[in-house]
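Participant: Here are the chains, one letter per residue:
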Amino acid sequence: MTAQASLERLVAGAQPVVRDSTDKTQLLVGIATCALAGGADKMLAALEDAIEKAGLQDKVEVCKVGCVGRCSLEPLLEIRQPGKPPRMYVKVTPEMAEVIVRRDLTGGEPIPDWLIDKGERTEVAGPGHEADLVNKFTRDWDHLDFFRRQFRVALRNVGRIDPESLDDYLSVGGYRALAKVLDEMSPTDVIACVKSSGLRGRGGAGFPTGLKWEFTYKAQGDEKFMICNADEGDPGAFMDRSTLEGDPHTVLEAMAIAGYAVGATQGYIYVRAEYPLAVKRLEIALEAARQAGLLGSNILGSGFSFDIELRLGAGAFVCGEETALMASIEGKRGMPRPRPPFPAQRGLWGKPTCINNVETLASIPPIILQGAEWYASIGTETSKGTKVFALAGNVENTGLIEVPMGVTLREIIFDIGGGIPDGKGFKAAQTGGPSGGCLPAQYLDTPIDYESLREAGAIMGSGGLIVMDDTNCMVDIAKFFLTFTQDESCGKCTPCREGTKRMLEVMERITSGHGEERDYERLARLGKACQRAALCGLGQTAPNPVLSTIRHFRDEYDAHILEQRCPAHKCKELVRYQIITEACVGCGLCRRNCPVHCISGEPRKPHLIDQDICIRCGQCYEVCRFNAVERA
Amino acid sequence: MLSDTERQEIEREIVHYPRARAAVAEALMVVQRHRGWVSDEAVRDVAALLEMTPDEVEGIATFYSMVFRQPVGRHIIHLCDSVSCWIMGQETLLEHLQRKLGIGFGETTADRRFTLIPAGCLGACDLAPVMRVDDDLYGHLTPAKLDEILERYP
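Same order as they appear, the protein sequences are chains X and P. Count along the first sequence starting at 1, add 802, and that's the number in my numbering. Count along the second sequence starting at 1, add 14, and that's the number in my numbering.
Because the hints were derived from the structure by calculation, they are not lab data. Because the structure is a prediction, the values reported are computed rather than measured. Treat the hints loosely; a few may be bogus.
As the list claims (entries may be wrong) - Part of the chain P face toward chain X, derived, beta carbon under 10 Å:
#: 1; residue: Met15
#: 2; residue: Leu16
#: 3; residue: Glu25
#: 4; residue: Trp51
#: 5; residue: Asp54
#: 6; residue: Leu63
#: 7; residue: Pro68
#: 8; residue: Ser96
#: 9; residue: Trp100
#: 10; residue: Leu115
#: 11; residue: Gly116
#: 12; residue: Ile117
#: 13; residue: Gly137
#: 14; residue: Ala138
#: 15; residue: Leu151
#: 16; residue: Gly153
The beta-carbon is built from N, C-alpha and C at its ideal position, and this holds for glycine as well.
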């Protein structure tokens, strides 16, 4: 029997939790980390309770799914009923859940005010999308900018299936790519397919994935390894967590495909211990896949064997670097080593090893099933396919999105992200975390791909996109990033260990009003030395936030260095709050809100700030209703 | 001395790898799960079990921020210290916590109730600012919300 026939038997017996072919009402509740932090577990309990009280258990099914990406609106509750357009309730509290069961489910009257689209869509989406492997959201939600402008390949199943159910994954085409590979393709066919798809590593560096596979395939070795790098540590990035929490089998399937292509029989997933839910779902998925014969020896009767072990990180950012990661798996301090030799030649325990990031792997099954040409038709000339971005910071719709390469920052931040909250202006977008750079408004219309971001002084990175409004001080931001890299520098090589330290000292001087004009040159020289001479990616990219902000926000540096002034009033040593005696009515609001009790004054008489105690938090400035607190 | 349970749990980790020392970080976490922290004695015991030198194990123990080499409080507060939390007001929270608990990063309250630790990034930037208390994640924090949350951890 072929692998595909074996798989068909599994699919035929599958009983997926989430499915279209049911006459029951299905309630989809997101239970990823973002939803749980928003109280989804309490809402879920209230929901199930209300359903039972209403006697609807036989007609209604509650399904737990991953995150649809609209994290700031969690907890979400999506109602799917045959013949009706789906409805998505947002920010659902336990009390609301009870009302929804009563009015919507029992009474048949949805509550438009609580819906994500305010009940805008009243018709069922037309047929034709059901069989789609990717873009499952488009069918129902293409009237919302947030979903319409996305193109979901890596995240195709996240939020659409129960991540703890293998049957759910099987019902949306899961493991079909693996079965196809085992039946119809040789390792070199698979490598050729991934090469011509144009897929590049989504962990940050953008190295062509097919080439990496080919190098490992060609390397001589009695044993080879396949590693999934899920040590997502970049501040601002959380796409790997969401993928593992919402669609863990995708990663397992892709690892088996990669293992087949490069000649590995053992895989490791190195995942952060900070992601307990992702770890739990991976464990469940691994067990289910082994039970079903989709991992382990003789997968689907094909003769190919491949198994996966989980390895938990223990809190070291540098372990996301591939050579450091391998050292960590081997039980050594997680420090990088010089490359070459690359992991494809000498990797884990000195054996040829292929390391891919979670998002890269999640894109593999659709590429195998829909073809390299299909994938290569998405995106730009040099950057094919789609990219997941984690939207965070001063943006209305924080969450997770996937877009075709080549869209602009403006589309991401304003059309999908909903713009800047509180009527503030856009100042910068930070991509690539501590390895990346800050891009000002003039880059909003630059199409995003690996090359254009690098030219602009930033990098694609793993996809963290932190939006900053005009109240942020870019010098302060750069200093903050440097504090992070200096802290996380493993200390093995001098350029990074000393370079980041010295650069940080300069930045601290500048932000405390002791900068000198020569500091520009110092930062440039230190930065260049670090970029050229550091051992690994962490050190080579550590100067980027400083260098990119000097390049794009020179006027702010000038204000700090030449005028000892912080235009955004963020650098505390350059800010001073005082009360304007003439304007103060003595209401006492500032006095009561001051966290360090440094404001004194009689009721109805002008107050005074004790500058020696003041921590310059700005609370008084924020709360004063009479504009009587002055910031200088 | 490692307890029998600890020894068994560590041995269950070792079988996953071709070499015993690969399980060293897991072994330290096993000890920490049972005792709350990793003492000098535990470092020596783990070294003996994995056929490593105590120095090698110490090198691992001090490399990873999640291995505690000194006693910690009953509850661990991981306050996210990454840029996305910081621009969303993490500093105010830190100041509030420091005043409320009288401790800074890396310190434990006198009553051993809380230990405060910075986290590089908790990967929940969509909910910034965030913290984790033991295994529970909390987002969109304000000083008032913080006070209310800490009450739940006696």
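Participant: None of the hints should be skipped; say for each whether it holds.
Facilitator: Structure-based check of each hint:
Because the closest C-beta pair between Met15 (chain P) and chain X is about 22 Å apart, greater than 10 Å, the hint is violated. The criterion of a C-beta within 10 Å of any C-beta in chain X is not met by Leu16 (chain P), whose closest approach is roughly 17 Å, and the hint is violated. Taken as an interface hint, Glu25 (chain P) does not check out: its beta carbon lies about 15 Å from the nearest beta carbon of chain X, beyond 10 Å. Checking Trp51 (chain P) against chain X by beta carbon gives a least distance of about 14 Å; that is not within 10 Å, so the hint is violated.
At its closest, the beta carbon of Asp54 (chain P) sits 18 Å from a beta carbon of chain X; the interface hint therefore is violated under the 10 Å criterion. The closest approach between the C-beta of Leu63 (chain P) and any C-beta of chain X is roughly 12 Å, which is over the 10 Å cut-off, so the hint fails. Proximity of Pro68 (chain P) to chain X is violated relative to the hint, the smallest CB-CB distance being about 14 Å (cut-off 10 Å). Taking 10 Å as the C-beta contact cut-off toward chain X, the hint placing Ser96 (chain P) at the interface holds, the least distance being around 3 Å.
Satisfaction of the interface hint for Trp100 (chain P) is found here, the shortest Cβ-Cβ separation to chain X being roughly 6 Å, below the 10 Å cut-off. Violation of the interface hint for Leu115 (chain P) is found here, the shortest Cβ-Cβ separation to chain X being roughly 14 Å, above the 10 Å cut-off. Hint status for Gly116 (chain P) relative to chain X: violated, with the closest Cβ pair at about 14 Å, above 10 Å. For Ile117 (chain P), the suggested interface contact is broken, since its CB lies about 16 Å from the closest CB of chain X, more than 10 Å.
Here the hint on Gly137 (chain P) is kept, as its CB sits about 4 Å from the closest CB of chain X, short of 10 Å. At about 6 Å, the closest approach between the beta carbon of Ala138 (chain P) and any beta carbon in chain X falls short of 10 Å, and the interface hint on this residue holds. Among the interface hints, the one on Leu151 (chain P) holds; its C-beta lies about 5 Å from the nearest C-beta in chain X, closer than the 10 Å criterion. Restraint check, Gly153 (chain P) versus chain X: the minimum CB separation of about 4 Å is within 10 Å; hint holds.
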